Amino acid sequence: MTSVRPKLAASGAGIVKGGVRILDGMDLEVEPGSFLALIGPSGAGKSTLLNLFAGLEPPTEGSIEKDGAPLSRPGSVAYMPQSDLLLPWRNVLANVALGLEATGVPKRVARRKAMGALEHFGLEEFAKVFPPALSGGMRSRVALLRTTLLGRDTLLLDEPFGALDALTRRSLQGWLLGVRAELAATIVLVTHDVDEAILLADRVVTLTRRPARVGLDLLVDLPRPRTMDAGTTEGFVRLKGRLLEALGAAG
Amino acid sequence: MKRAFPTALPAVLLALLALVGWETLVRLFGVPEFLLPGPLAIAAAFWESRGLLLEHAGPTAAEALLGFIGAAVAGTASGLLINRSGLAERALYPWLVVSQTLPVIALAPILVTWFGYGMLPKVLVVVLFCFFPITVATVDGLRATDPDLIRLMRSFGAPRRRIFYMVEVPGALPFLFGGVRLAVTYCVIGAVVGEWVGSSKGLGFLMIQDKTQFEIPRLFAEIALLSAMGVSLFLLVAFVQRLVAPWTLFSEGR
Numbered sequence: 005m006t007s008v009r010p011k012l013a014a015s016g017a018g019i020v021k022g023g024v025r026i027l028d029g030m031d032l033e034v035e036p037g038s039f040l041a042l043i044g045p046s047g048a049g050k051s052t053l054l055n056l057f058a059g060l061e062p063p064t065e066g067s068i069e070k071d072g073a074p075l076s077r078p079g080s081v082a083y084m085p086q087s088d089l090l091l092p093w094r095n096v097l098a099n100v101a102l103g104l105e106a107t108g109v110p111k112r113v114a115r116r117k118a119m120g121a122l123e124h125f126g127l128e129e130f131a132k133v134f135p136p137a138l139s140g141g142m143r144s145r146v147a148l149l150r151t152t153l154l155g156r157d158t159l160l161l162d163e164p165f166g167a168l169d170a171l172t173r174r175s176l177q178g179w180l181l182g183v184r185a186e187l188a189a190t191i192v193l194v195t196h197d198v199d200e201a202i203l204l205a206d207r208v209v210t211l212t213r214r215p216a217r218v219g220l221d222l223l224v225d226l227p228r229p230r231t232m233d234a235g236t237t238e239g240f241v242r243l244k245g246r247l248l249e250a251l252g253a254a255g
Numbered sequence: 005m006k007r008a009f010p011t012a013l014p015a016v017l018l019a020l021l022a023l024v025g026w027e028t029l030v031r032l033f034g035v036p037e038f039l040l041p042g043p044l045a046i047a048a049a050f051w052e053s054r055g056l057l058l059e060h061a062g063p064t065a066a067e068a069l070l071g072f073i074g075a076a077v078a079g080t081a082s083g084l085l086i087n088r089s090g091l092a093e094r095a096l097y098p099w100l101v102v103s104q105t106l107p108v109i110a111l112a113p114i115l116v117t118w119f120g121y122g123m124l125p126k127v128l129v130v131v132l133f134c135f136f137p138i139t140v141a142t143v144d145g146l147r148a149t150d151p152d153l154i155r156l157m158r159s160f161g162a163p164r165r166r167i168f169y170m171v172e173v174p175g176a177l178p179f180l181f182g183g184v185r186l187a188v189t190y191c192v193i194g195a196v197v198g199e200w201v202g203s204s205k206g207l208g209f210l211m212i213q214d215k216t217q218f219e220i221p222r223l224f225a226e227i228a229l230l231s232a233m234g235v236s237l238f239l240l241v242a243f244v245q246r247l248v249a250p251w252t253l254f255s256e257g258r
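Just so you know, the sequences run in chain order A and B.
Going letter by letter, the first sequence gives residues 5 to 255 in our numbering.
Going letter by letter, the second sequence gives residues 5 to 258 in our numbering.
Just so you know, these hints were derived from the structure itself, not from any lab.
Honestly, I wouldn't trust all of these hints.
What the hints assert, rightly or not - Label pairs and their in silico Cβ distance ranges: (1) B:228 <-> A:107: 23 to 29 Å; (2) B:106 <-> A:24: 43 to 49 Å; (3) B:152 <-> A:223: 31 to 37 Å; (4) B:185 <-> A:236: 57 to 63 Å; (5) A:236 <-> B:246: 32 to 38 Å; (6) B:239 <-> A:107: 49 to 55 Å; (7) B:148 <-> A:76: 56 to 62 Å; (8) B:89 <-> A:20: 27 to 33 Å; (9) B:243 <-> A:107: 34 to 40 Å.
Stated by the list, open to error - Non-contacting residues of chain B with respect to chain A, defined by C-beta distances greater than 10 Å in every case (computed): (10) 33; (11) 88; (12) 162; (13) 167; (14) 214; (15) 242.
Stated by the list, open to error - Covered, in the sense of this in silico footprint (three residues per stretch, anywhere, with C-beta under 8 Å from a C-beta of chain B), are these stretches of chain A: (16) 120 to 133; (17) 187 to 196.
In this text, all values refer to a predicted model and were calculated from it rather than measured experimentally.
Beta carbons: idealized from backbone N, C-alpha and C, even for Gly.
Given only the sequences and the hints, what does the whole structure look like? Please build it.
Structure, rendered in C-alpha cells:
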C-alpha cells in the first residue's frame, strides 16, 4: 500500500477555530479509487476534515496534499455539502449544470452535458421541474449529479443522505452503490450511519471526540459488487459490531 | 392567472359594499357636498372634468415614474456599493439613515428654490421618498446569501465575480422586490408633495386649486385617481417580478 501515492493525504493536520481545537495531528491517507467512510460523534470535526480536503480552508498546522502536491485552493475535487443547496431559480437541468457553469464552461455545453447525465439515470422527465416541486430523494439525486458532473477524480460527500427518511435513504444508497463503478473516482463519505458506512465503503475510519484523531481504521472485506442485501450477512454484522464498539469507546 | 378574478373578488365586494354604505349615509343624513360628497357625486365630477384631470395626471405620473426609476438606480447602486466595500458602508450608511430622518416635505420648498418650478424638484422629492427602502433591501438581500451556497460555489472553483452574479444577485432578488414594492407605493405621494410646494400643473397643483375653490367632489376624484395610479404602479412591479423572478413568489422561500 505504501508504494501507491495517496490521492488525498493529511499529515499532522490540525485546525483551531475561534480558540477551539477541532482537529489535532490528523494523519490520514486515501488510496486512489478507494471509497472511504468517515464516521464519528456529532461535532467531531468530520465536516472540517472534508473542508480541508476540499481546499475550502487551510489547516492551522500540518499539511493537506492531493496527488502528492499541497492543496492550497478549492476547485480540484467535487464536494457535496450536507444540505442539497439547489438554487430555486434554476430548474433541475440548470441545477445539475451549475458546477460546470461555475467553472466557466459555456452554458450550452454545460446544459447539454447535464441533460446527458439526466438521461443516463432516467431522470430526463424532471429536467424542467423547479426544486420546490421535488421530493427529498430527488433533490439529493440532483445534488449528487451536480457533484459528479464536474468529472473530478475525487468526490467528497458530507452526509449526503442525512436529511432523508430511512426508505429514501436506502434507495439512494442502492443508487450510489450502482453508479460507484461508473464514477471511477476516489470517494470520501462522511456519515453518522454505521450501516451506510459498511455497505458503501472499502474502508471505514472512526474519529474520536474533539479534538478529532483517527480512532479505528477498519478495512471492509465484504465482496463487491455489493447489493443492499449485504446488510444481513455474517461479515457485515461482525464489522458493525467492531465499529459500534469503537464508537462507544470513543464516547 | 386564472385565479386572479376569484382572489380579487372579496376585495372588490368589500369596496362595493363600502361605496354603497357611504352613498346611503351621505343621502340619509343630508351631508353637504363641501364636507363629504357621495361616491356618485365624485364619479360625476370625475366624468365632467375628465379632460382636465387626465391632462394634469400626465405630469404627476411622469414625475412619479421618473423619480421611481431614479430611486431604483440610486438605491441599488448605493446598496451594491455598501455591499462591496466596508469603507463605503461605514462612510455612507449612517448618512443614508440621517437622510431618512429629514422631513422631505420641509426639504421640498428648498428644492423648488434651487431648481425652479419645473419637473426636476418633484422628481428629486420622489427619489428622496423612495430610494431608501431599495438601498436597504439590496444590502440585506446580498448579505442574506446562504454562506453554505458560497462555499459550494467556491468548492467548484468559481471565481468571486461568478459567485456574485450566479448566486448572490439572484438570491437578493426576493428582498429587492420587497423593497421596490414598498418604494413604489411612496412615489405617487412624493410627486404630489412636490407639486403642493410649487407647481403650475399636475394633480397636486389641481388639488390645491380645488380646495381653495371648494370643488370638493373633484378633489375626491383627484385623490381616487392618485390612488389608482399608485395601485397600477404596484401591480406593474408585481407583474415584472412574476416575469423576471417567478421563484420569489413560490410559497417555499428557498
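Evaluated hints:
Our hint of 23 to 29 Å for residue 228 of chain B and residue 107 of chain A is violated, since their Cβ atoms are close to 56 Å apart. Checked against the hint of 43 to 49 Å, the C-beta distance between residue 106 of chain B and residue 24 of chain A comes to roughly 47 Å, which is consistent with it. For residue 152 of chain B paired with residue 223 of chain A, a C-beta distance near 33 Å keeps the hint of 31 to 37 Å intact. Our hint of 57 to 63 Å for residue 185 of chain B and residue 236 of chain A holds, since their Cβ atoms are close to 58 Å apart.
Range check, residue 236 of chain A to residue 246 of chain B: about 53 Å between beta-carbon atoms, so the 32 to 38 Å window is missed. Between residue 239 of chain B and residue 107 of chain A the Cβ separation comes to about 41 Å, which falls outside the hinted range of 49 to 55 Å. The hint said 56 to 62 Å for the Cβ distance between residue 148 of chain B and residue 76 of chain A, and at roughly 30 Å that hint is violated. Restraint check, residue 89 of chain B to residue 20 of chain A: a C-beta distance of roughly 30 Å satisfies the suggested window 27 to 33 Å.
For the hinted restraint 34 to 40 Å between residue 243 of chain B and residue 107 of chain A, the CB-CB distance of approximately 36 Å keeps it satisfied. Listed as outside the interface, residue 33 of chain B is consistent with that label: its C-beta sits roughly 54 Å from the nearest C-beta of chain A, beyond the 10 Å cut-off. For residue 88 of chain B, the non-interface assignment is confirmed: its Cβ lies about 20 Å from the closest Cβ of chain A, beyond the 10 Å cut-off. Once the 10 Å rule is applied to beta carbons, residue 162 of chain B is inconsistent with being away from chain A; the minimum gap is 4 Å.
Against the 10 Å criterion, residue 167 of chain B falls within the reach of chain A, whose nearest CB is about 8 Å from its own CB. Every CB of chain A lies more than 10 Å from the CB of residue 214 of chain B, the least distance being 48 Å, so the non-interface label holds. Residue-level check passed: residue 242 of chain B sits 17 Å from the nearest beta carbon of chain A, beyond 10 Å. Closer than 8 Å: that is the beta-carbon criterion, and the region 120 to 133 of chain A has 0 residues meeting it against chain B, so the requirement of 3 is violated.
Three residues within the 8 Å Cβ limit are the bar, and the region 187 to 196 of chain A against chain B gives 0, so the coverage statement is violated.
Of the numbered hints listed earlier, those contradicted by the structure are 1, 5, 6, 7, 12, 13, 16, 17.
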